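Q: So you can see what is in the structure, the chains are spelled out below.
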Amino acid sequence: MNPVISLKDIAVSYNRSGNIFKKKSYYEALKSVSFDIYQGETLGIIGRNGAGKSTLLRLIADVILPDKGKIVNHGVSVSLLALQTGFDLDLNGHDNAIISGMLQGSSRRKVEEKLDEIQEYSELGDFFFEPVRTYSTGMRARLGFSVSTLVSPDVLLIDEVLGVGDKYFRQKAEKTMLTKMQSQQTVVLVSHSHHQIAQLCDRAILIDEGISVISGVPHDVLDIYEARLNASSTG
Amino acid sequence: MMACKKPLAHTNFAHPFEFIWTKANFNLRAEVQRNYLSYGWWVIEPLLYMIVYYVVFGILLNRGGENFTVFLITGLIPWMWFSKSVTSCSNSILAGQNLMLQIGLPTIFFPLIALLQVSIKQLPVFLIAIVFIWSQGFSPDIYWWGLVPVLIVQTMLTITFACTVAAIIPFIRDLGYLVPTGLTLLMFLSGVFYDYRSIAAGWQDVFLLNPFAFLLKCYRDIFISATTPDFSVLTYWGIAGAIGCVLVFFSYQRLRYVYPRIVME
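So the sequence lines, in the order shown, correspond to chains A and B. The first sequence maps to residues 1 to 235 in this note's numbering. The second sequence maps to residues 1 to 265 in this note's numbering.
The shape of chain A in the complex, shown without the other chains (with noise of 0.2 Å):
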């Protein structure tokens, strides 16, 4: 199988900025990180907080790029879908759905006549014509996660927007990724739940410290994660 994204030995390292008090100082969030995404699989990525799952979703929406190392992208389109979503605050449910739409590559009207679908899906009913300043976080998922689903980019990465929301949308979400799953769209998944990278990926990679430590079947993987765990509040 061909990969659609590679990553070979990967590191990205910001500044953290100073001023004329403060020197500054650099922070490694990866160190060395490689992997490719095939097509039509469903990837998860697990770690710990602050292993650079962030920044290397980051990486792979072609939002920055890598210090060191190479990624190469064979031809899809990516999109990102988080709970920082690039919403704006001031417009409404219904103006940020089109926008979004076309940040993933659609035009105007081909995101208008998937409105009422978003609406539908979104559950929002009359908040889709409200600021989304007034959304709950479960709600803004919500709304990114209909926007991404029903305008479908070639790779689309999800950073823990399954886990917000309540049971009953959090059902439907995982519903809708397996029918993607099978309908071969290709899913980068980033969770802390357990469960859910289990039971939707087809193979999981264990981020930790900045390293690309091991991929494979996602049991194996969520085993060696728990071991790291305990091994480090242990000792």
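These are computed hints drawn from the structure, not numbers from a lab. Hints may contain errors.
So the derived list for chain A, only partly shown, Cβ under 8 Å to chain B, looks like this [to be verified]:
#1 64
#2 65
#3 91
#4 95
#5 131
Ranges between beta-carbon positions, derived for each pair [claimed, not checked]:
#6 144(B) with 137(A): 52 to 58 Å
#7 151(B) with 76(A): 41 to 47 Å
#8 236(B) with 125(A): 57 to 63 Å
According to the in silico footprint, chain A covers these stretches of chain B (three or more CB under 8 Å from chain A) [claimed, not checked]:
#9 98-106
#10 231-243
Keep in mind the model is a prediction, meaning the values are calculated, not measured. We put the CB at the ideal spot given by N, CA and C, even for glycine.
On the provided structure of chain A, position chain B as indicated by the hints.
A: Same frame as chain A, now just chain B:
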């Protein structure tokens, strides 16, 4: 080893202009819905400025002279278009960080959306000003065609200036504090509420080297003196503006991957 190979441009925008237009319109709609007087502010705000300057310079300082209202309008309205463009662009990249960290999109979209938003808001003001000037006895004549090149040159210079300010501020955020002061200084140096001919004769040529002083003079040549503006100087500024726009565009392209990191820090 620093082998940073550029990935394929997989976030190529299929509909860049449609996106900028749509976002600017949505922003305006959201802004209008927050205010009780909604669209009214687009006209009320410049009118209030007009009244303030008229009272201070026309009445209190008695600097007015003949047709001072028309003189003030022909300076103030083009100036406000420029000054508001720079102000709203200056913070546009930092304000767009939410979106920028989400998806790889050309950074120049942020100042361009802000520019378009300001320009759309200026449109009714421009039209009202023209009707007013007409009502004061300065009826449209062949010289009004001069407005076309003058507006084009002002647009290009505004894009260059505003996008440059917007590009620099994320790197040196302190500069944001200097934008309002800088604009006030430039306003005083552009002759918005006084005639350049009222300053010392030796300084007039130097004064007109400021492109905005020159542009305001063009507007007044057209509307008040009913003459053609100085086309040779206008051409120079047109060329400068066009080169500026191209440079701005390429600079933004080069900095495309730098801004997401800068705004995170």
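Q: Indicate, hint by hint, whether the structure satisfies it.
A: Now the hints, each set against the structure:
The closest approach between the C-beta of residue 64(A) and any C-beta of chain B is roughly 5 Å, which is under the 8 Å cut-off, so the hint is satisfied. Satisfaction of the interface hint for residue 65(A) is found here, the shortest Cβ-Cβ separation to chain B being roughly 4 Å, below the 8 Å cut-off. Among the interface hints, the one on residue 91(A) holds; its C-beta lies about 5 Å from the nearest C-beta in chain B, closer than the 8 Å criterion. Nearest Cβ of chain B to the Cβ of residue 95(A): about 4 Å, under the 8 Å cut. The hint holds.
Checking residue 131(A) against chain B by beta carbon gives a least distance of about 7 Å; that is within 8 Å, so the hint holds. For the hinted restraint 52 to 58 Å between residue 144(B) and residue 137(A), the CB-CB distance of approximately 55 Å keeps it satisfied. For the pair residue 151(B) and residue 76(A), the supplied restraint of 41 to 47 Å holds, since their beta-carbon distance comes to about 43 Å. Under the hint 57 to 63 Å, the C-beta atoms of residue 236(B) and residue 125(A), about 59 Å apart, fit the expected range.
Interface restraint, the segment 98-106 of chain B with chain A: holds (8 residues with C-beta to C-beta distance below 8 Å; minimum three). Beta-carbon proximity to chain A at under 8 Å applies to 0 residues in the segment 231-243 of chain B; the threshold of 3 is not reached and the given coverage is violated.
The structure fails hint 10 only (numbered hints given earlier).
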